[in-house]
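S.K.: Work out the full structure, taking the sequences as your base and the hints as a guide.
Under the numbering used here, the first residue of the sequence shown carries the number 18, and numbering increases by one thereafter.
Please keep in mind that the hints were generated in silico from the structure rather than gathered at the bench.
Note that beta-carbon positions come from the ideal geometry of N, C-alpha and C, so glycine has one too.
Any given hint could turn out to be false.
In silico BS3-like links for lysine-lysine, alpha-carbon gap of 30 Å or less [claimed, not checked]:
(1) 169 x 221
(2) 97 x 221
(3) 377 x 315
(4) 434 x 380
(5) 378 x 434
(6) 97 x 307
(7) 380 x 241
(8) 348 x 55
(9) 307 x 378
(10) 377 x 100
(11) 380 x 281
(12) 315 x 437
(13) 378 x 169
(14) 281 x 128
(15) 307 x 434
(16) 380 x 431
(17) 431 x 318
(18) 241 x 169
(19) 378 x 281
Across the chosen pairs, the derived CB separations fall in these ranges [as the list claims (entries may be wrong)]:
(20) 226 x 186: 33 to 43 Å
(21) 266 x 217: 40 to 50 Å
(22) 212 x 132: 32 to 42 Å
(23) 217 x 426: 39 to 49 Å
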Amino acid sequence: MLSRIKQQVKEGKTLITFTSLQATGEALGMVAPLVVAKFFSEDLFGRYSLAKMVVFFFTSVLIASAQAPFIVYATQERDKTGKINMSFSIQCVFFAFSIITFLSLNLIFNKALAAFVGVSPADLTFVSLAFIGIALKTFFSNLFMALGQRVKSSLAEVVFGSLALVIVLVLCLTSNVSLRTVLSVYFVSGFLVAILSLATVNFKLLLPFDFSWGHFKYMFDFTKWVMLGSTAAYFVNWGDNIVLRSFVSMSDIGEYNLGYQIFKGIATLAFVMNAYFLPFASENAEDSTKMRIYLFNKRPKVFLVCLIGVALVFLLAPTILRLFYGTTYQKSATVLRVLLVGSVALFYTIFYYPVLNALKKYKFTQTISLLQAVLNLVLDLVLVPVMGLLGAAVATVLAYFCWAGVIEVYFRVKLRKLLKL
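M.R.: Here it is, written out as structure tokens:
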């Protein structure tokens, strides 16, 4: 009994440390754009948001899609051999392919992307730099998770967010803030995170490179399904802008994205839970006792804490935005409050994802994500022409609750039997 209590205390401390650091990193990453909004007009912030939309499309599809497969297969490889050199070798191939693909597509569709974002073709060079910086940070954050070094993974996020915020503040104080300089911040921050991370990596666990076509096939099969889901998740997060671009002004897009930026920072904490519990679920998916404790003991407690946090933000949002931005971004607080309703469904459901990924039910999760994205876009097309910015927010909330409902039914009908709960 005493050893069990000590183990639970240890796990709790690790969770608190990891979550606190990860939340700090995400908060810092969220604050930097909010500071930028203070010095940008609503119109320019709209263009900045659309530039980020392009960056995060390729980040989601090409970089983030490899996270869960890498962590799952690296964890299993580490349990068997004590190293992850085979999974790491394949991850390096994926990373190189992602960079080359992004730069090539950016070159081919330069004019079309520039027209959508509302900038000159030359400005897209800085969009490319932003992508490379974020890709570097994500690569090392995923590597530490695959090594089971969760705190180091969260520290990478903290360092990236801290550097980005400090550099943005310096630019603002020296009156050098512009779309190009702000996008360059992501490259500089990601490059510095990569340098610092290299100094802490134990290369004995990663080398020598060992490329196996069989291992590649398994990881790629997992990745291509996650890629589909990542694309769908991207359109859930950013697809509103595609419809808004056709019906509202660039200033309105800026106001919507300020509210959505705060919501997305809060929602990202849900995926922190997914990343944290994924190694645990991968190791204990067949242990019904541990999975029962995770789903029916740990999950409700963490969800309650998340719910309290969402309620506080909901109550304080109008006051905080008014104090910081004054008379500008008046519609952002209402947009944020509507979106926060959807975050309840997200926090409730996200704890199923580590289990689904550990059981390799990625075809189901990605299909559901795709359906959510399609529903979100359809609702956008119906509601945005009638309700404007609020229509996009309501569409997102409805899509989140439908997504959560389907996953809850799947858990009760099938997942509980597989886990023997």
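S.K.: Please go over all the hints and tell whether each is borne out by the structure.
M.R.: Against the structure, the hints come out as follows:
no. : hint                  : verdict
1   : 169 x 221             : holds (17 Å)
2   : 97 x 221              : holds (16 Å)
3   : 377 x 315             : holds (22 Å)
4   : 434 x 380             : holds (18 Å)
5   : 378 x 434             : holds (14 Å)
6   : 97 x 307              : holds (21 Å)
7   : 380 x 241             : holds (10 Å)
8   : 348 x 55              : holds (15 Å)
9   : 307 x 378             : holds (19 Å)
10  : 377 x 100             : holds (22 Å)
11  : 380 x 281             : holds (25 Å)
12  : 315 x 437             : holds (18 Å)
13  : 378 x 169             : holds (28 Å)
14  : 281 x 128             : holds (29 Å)
15  : 307 x 434             : holds (15 Å)
16  : 380 x 431             : holds (14 Å)
17  : 431 x 318             : holds (24 Å)
18  : 241 x 169             : holds (27 Å)
19  : 378 x 281             : holds (25 Å)
20  : 226 x 186: 33 to 43 Å : holds (40 Å)
21  : 266 x 217: 40 to 50 Å : holds (47 Å)
22  : 212 x 132: 32 to 42 Å : holds (36 Å)
23  : 217 x 426: 39 to 49 Å : holds (43 Å)
Of the numbered hints stated above, none is contradicted by the structure.
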